[in-house]
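J.: These are the residues of each chain, in order.
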Amino acid sequence: MVPSKENEMTMTKSPIITPQAAIRVRGLSKFFGPIDEGAIARTGPEFGTARDPLSGSIVAAWDVNFDVAAGEALGIVGESGSGKSTVLRCIAGDQPSSAGSVHLMCHDEGRTNVLDLSPAARRKLRIDQLSVVYQDPAEGLSLGVTAGGNIADPLTAAGWRNFEAIRVRARDLLDRTEVPLDRMDDIVRNFSGGMRQRVQIARALANNPPIVLLDEPTTGLDASIASGVLDLIRGLLEELDLAVVVVSHDFAVIEMLTQRCIVMQHGRVVEDALTDQLLEDPQHPYSQKLVTAARS
Amino acid sequence: MNSPLINVCDVSKTFVLHNIDGREVTALQNVSFSIAPGEHVALAGSSGAGKSTLLRLLYRTYTLTKGEINFRLSSGEWVDIGKLTDPEVVALRGREIGYVSQFLRAQPRRAVIDLVTRAGVSRGMSRNDAREHAAISLRRLNIAESLWEIHTSVLSGGEKQRVNIAAGLISPPRLLLLDEPVSALDPENRERAIDLIAQLSEAGVAVLAVFHDLDAIARLATRIVVMSHGHLIDDGPVHSILPQLEPTDVHP
Amino acid sequence: MNSTVDEIAGPPHSVPFALLDEESKREIRRALLQAVCIPGFQVPFGSREMPVARGWGSGGLQISLAIVGVNDTIKVIDQGDDEGVNAVNLRRLITSSTGIEETSETDEATIVQSRHRIPEDAMASDHILVLQVPVPEPLRGIERNMKELERMHAEGDYSKMWVSLYEDKVRNGVITQTTGYPCLVAQRYVTATTPIPRWDIPRLHQAEFLTLFGAGREKRVYAIPPFTDVEPLTFEDVPFEVEASNGAKCRLCGSEETFLVETPGSESRWSCSDTAWCRRKRTK
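In the order they appear, the protein sequences are chains D, U and F. Position 117 (the first sequence) corresponds to 117 in this note's numbering; numbering is contiguous. Position 157 (the second sequence) corresponds to 157 in this note's numbering; numbering is contiguous. Position 178 (the third sequence) corresponds to 178 in this note's numbering; numbering is contiguous.
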């Protein structure tokens, strides 16, 4: 693993121009229960747990750092309990974080730590700056509402008031996500899992957010359905120049969608790598174990 | 002879297998050579010699254990690929260094023309230009227009490989790494592909390639670098090295 | 020795003016003032036990009783009719505890308490309209969680409401909500317009009179001050339409321009909802 330079602080300019980060995460941490320095020192991969044996508190995530630029996708890989979903929920605002910062280029040009914003302000970001696609479509959709209606939701939240315009936009998004248009007025509860996921993606893209977070987007779907959804996501990522964070335990998903990724174990980041390098030359013992298991 | 584009300096690669008692496997040792723009360097050596390892190191799919891989940017500045940050490597791969392997990786179910167009866009072409060039490439590689909107997953192995080549060569990067790019092609299509690759040198692209047939090497290479058991054992012009090579030196 | 009921009961204890004690009236008036300051916002108040059961206008009644003064004249209607049983009872309750004048002419009234209609005659700045509200929450049926409802109003996040209007239009071709149509008041709060029909909604917009809404069972009051914007929620390309009478006329006075209701019977016959207006037209 090549250590990354803290480029915002150093004066040395790299001769290679890398795109500016759309989202910058520094020191993101989440604890449950009272935490002291000792608790952090007593947890993590070397101890095989995120739970402090002394206090019972949990260091669900500690000191997570990454940048993602527009047009890039970053993966967060790990098994369950690794903290990867915790990180996503903290960035999304679904869960309060304990420490750290998240800066978004689209919000105050990256000058404000969005973790310091009020819950109401965080919610506003979710309308058109940052979208989330959840593993369970039911979490990101209103099941009793039609496919078109689920898309009308973020549109009206963003101020759309023209019924025809809303219909046109909804049709366009459903078309892009390959949902048959003759199902636009069916309630989502009547859709299959894969179709629900497509509607969730369409809804997430409604207001052209620059940043999209995906939490296990195809877990739970049948393999053939999942690959179709992955293809779709990959195509949209490229076409729309989004900055994307994908959380998954599945290396096939990470390989398909991302160029770089971080590996988490017991709340810590153990490796930070190019995706192809992680899959072919993993450095950390845990990464090696995961990759070997995935390959077999 | 023009100034090199890439300098491989005393490069070694050792894998540490943590889950097998930290056993170490050395795949490359003290490899040094350089490639200048317009050169087509063939990598020869029997299976396990370290050819693919070397390609992957240059592309940074493998991390460097020791040594430097110095690359000259278009600006004239040099960078050590082994010390770049991940985002820098991603940027480098976009425009400067390309890789064409035998397989179509992680890109099934995408229309053929989209895949090649997309590769062009990632190298900095406008969408329209990329689409035009994609069409030209695909025609030259004998991919019928009727296949252009077809998803790559339903193509034959040979068709996939040709699409791969088209994507790899569109708006070619300054250094192209080829890993058996024509192995699955029938003779006629192999010819077309080799023609296309031959033109790269003329365009000033530096190529480092692994081919498993002596004929392709003879037609394309300007130099041959021979490897054995992770060491570089010979490096010279094609006309002096080629006669010494046995088919077993290149066949897997 | 036989006693009369009066002897046993003793002398009648005095009933305060307008039934409620001064502290109660003050509390209600304070809530109303808050409501007027925040148009469309539902203000909680300590809804008292009234001589009418919940669901029969106790909220509207408490407002009227809190604001009434000796010089006021009261009109009470139910579905536009002064002579409906409920209207009669409420009016009697108010006049007997205050001694004030009652009327069926909108012009002569200063306080008009109503369920389901706004009188046809125009009201002005010397009128106060008091509406009886069963369900003050416009988002009822769309969101069940109390905290979430509070948040939606607090943040002006009405997207769920818009989705329900969208779904309505998609399912039915039109927005079908008939009574209690949700309106945006002063560009801020979405408000339930009680069970008044769509016909009357445009008359709330920039009205000269003050409208007070009382929900006794739900314990909320809200207000639309004079000259306030009241916009029925609809998409900009889906015009808000009032009930169509399809050429029907009042069978008593021939009017086509007032809100008509059907009288049940073998033959469908229409008549004016506002009975006082209709009577006056006939006697002119």
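Everything labelled a hint here was simulated from the structure, so no lab data went into it. Accuracy of the hints is not assured; some may be wrong.
Here are a few chain D residues that sit away from chain U, every Cβ distance over 10 angstroms (derived from the structure) [what the hints assert, rightly or not]:
no.	residue
1	I17
2	I35
3	E46
4	R111
5	N113
6	R123
7	S142
8	N190
9	F191
10	N208
11	S296
Below 20 angstroms or equal to it, Euclidean Cα-Cα: the simulated EDC-like pairs (lysine to aspartate or glutamate) are [said to hold, decoys possible]:
no.	chain 1	residue 1	chain 2	residue 2
12	F	K147	D	E139
13	F	K147	D	D94
14	D	K124	F	E150
15	F	K160	D	D185
16	U	K66	D	E280
17	F	K160	D	D186
18	D	K13	D	E37
19	D	K124	F	E148
20	F	K160	D	E164
21	D	K13	U	D114
The C-beta atom is built at its ideal place from N, Cα and C for all residues, glycine as well.
J.: Would the hint linking K147/F and D94/D be met if the CA-CA limit is 20 angstroms?
T.: It holds: about 16 angstroms lies between the C-alpha atoms, which stays within 20 angstroms.
J.: Are all beta-carbon distances from N208/D to chain U longer than 10 angstroms?
T.: N208/D is indeed farther than 10 angstroms from all Cβ atoms of chain U, at 18 angstroms.
J.: Does N190/D clear chain U by more than 10 angstroms, comparing its Cβ with all Cβ atoms of that chain?
T.: holds (26 angstroms)
J.: Holds or violated: is the Cβ of F191/D farther than 10 angstroms from all Cβ atoms of chain U?
T.: The claim stands: F191/D keeps its Cβ more than 10 angstroms from every Cβ of chain U (closest is about 21 angstroms).
J.: Please work out if K160/F and D185/D have their alpha carbons no farther apart than 20 angstroms.
T.: holds (17 angstroms)
J.: For the pair we were handed, K147/F and E139/D, check the Cα-Cα distance against 20 angstroms.
T.: Satisfied, since the Cα-Cα distance of roughly 19 angstroms is no more than 20 angstroms.
J.: At 10 angstroms, judged by beta carbons, does I35/D keep clear of chain U as stated?
T.: holds (30 angstroms)
J.: What's the verdict on K13/D and D114/U, does the C-alpha distance respect the 20 angstroms limit or exceed it?
T.: violated (35 angstroms)
J.: So S296/D supposedly isn't at the interface. Is its beta-carbon more than 10 angstroms from every beta-carbon in chain U?
T.: About 12 angstroms separates S296/D from the closest Cβ of chain U, which puts it past 10 angstroms; holds.
J.: Could you check that no beta carbon of chain U comes within 10 angstroms of the beta carbon of E46/D?
T.: holds (13 angstroms)
J.: Is the hinted pair K124/D and E148/F satisfied, with a Cα-Cα distance of at most 20 angstroms?
T.: Given pair K124/D, E148/F holds - Cα atoms ~15 angstroms apart, limit 20 angstroms.
J.: At 10 angstroms, judged by beta carbons, does R111/D keep clear of chain U as stated?
T.: holds (22 angstroms)
When the structure is compared with the earlier hints, violations turn up for hints 1, 18 and 21 and for no others.
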